[in-house]
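Asks: As a plain string of letters, each chain reads:
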Amino acid sequence: MKKTIEIINELKANGHFKEYAIGGAIAALKWTEPFFTRDLDVFIIPEGDVDERQVIVLSSIYEYLKGKGYDAWTGQWLIIEGTPVEFIPAVGVAEEAVANAVETTFEGVKTRVMSPEYLIALFLKASRDKDKMKVRLLLDQAVINTQRLRAILTKYDLVEKYERFGQ
Amino acid sequence: MNEDKTKILTADKKVVTFEEFFAGDRETHKQQAKLPFEEKIRILITLQNLAVNWGGKKDVIVWKM
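Chains as they are written, first to last, in our numbering: chain Y, 1 to 167; chain L, 1001 to 1065.
Careful, some of the hints might be misleading.
To be verified - Sample of chain Y residues facing chain L (criterion: CB under 8 Å; computed from the structure): (1) L29; (2) F36; (3) A72; (4) T74; (5) E81; (6) T104; (7) Q141; (8) Q147; (9) R148; (10) R150.
Honestly, the hints are just simulated from the structure, not real lab data. Values in this document were obtained by computation on a predicted structure and should not be read as measured data. Don't be surprised by glycine CBs; every beta carbon is placed ideally from N, CA and C.
Required output: the full structure, derived from the provided sequences and hints.
Replies: Written as structure tokens, this is what we have:
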């Protein structure tokens, strides 16, 4: 995973996106006990590659990676240094989550991970069974800033979902 | 067997109720949440290996550190 993060940092350094943060299960796992997952979700704020139809274009990322020899896919995941990676354009609450991500290191390599409060909001928004499991883990095991969480949930209209979740 | 009355002898030789036993279990999970990120990824890789070699999930890709 260290080399995978190095490649993601390289993409950012070369201007393929403005900012990124690890989200999804791996970000949750940063704050909770370890659990099984298959892939690495990388949320990106695009550099401006939005075409005239307001479609976010990720092709420059994939072309750059293909040029480096990364062109093996499994489903929607591109294999980068042995790790299945999905690049997800961050919009709405995800964009704010990327902007406010926590800087950390992995084996000495700098990276950014979404905070537990934003992860809870994103998992609540998706609300599949596996997302609900992660919300439970985060609420039980992570250190949560409840004031920040409440502000995010209010801003993105997720309070009702959160309160229903607790019942 | 009555869960309220039956007790358990733990590995560290304490006799505890079921309630205390599961409270201890919850505490262990919370302690695991405090492990370094790298250690958690090592455990994840072990879980991926288990999924492939023991669970027969041949489509799981085992990561490298």
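Asks: Could you run down the list of hints and mark each one as holding or not?
Replies: Going down the list of hints, with the structure as the test:
no.: 1; hint: L29; in the structure: holds (5 Å)
no.: 2; hint: F36; in the structure: holds (4 Å)
no.: 3; hint: A72; in the structure: violated (10 Å)
no.: 4; hint: T74; in the structure: holds (7 Å)
no.: 5; hint: E81; in the structure: holds (7 Å)
no.: 6; hint: T104; in the structure: holds (7 Å)
no.: 7; hint: Q141; in the structure: holds (4 Å)
no.: 8; hint: Q147; in the structure: violated (21 Å)
no.: 9; hint: R148; in the structure: violated (19 Å)
no.: 10; hint: R150; in the structure: violated (22 Å)
Going through the hint list in order, the structure does not satisfy hints 3, 8, 9 and 10.
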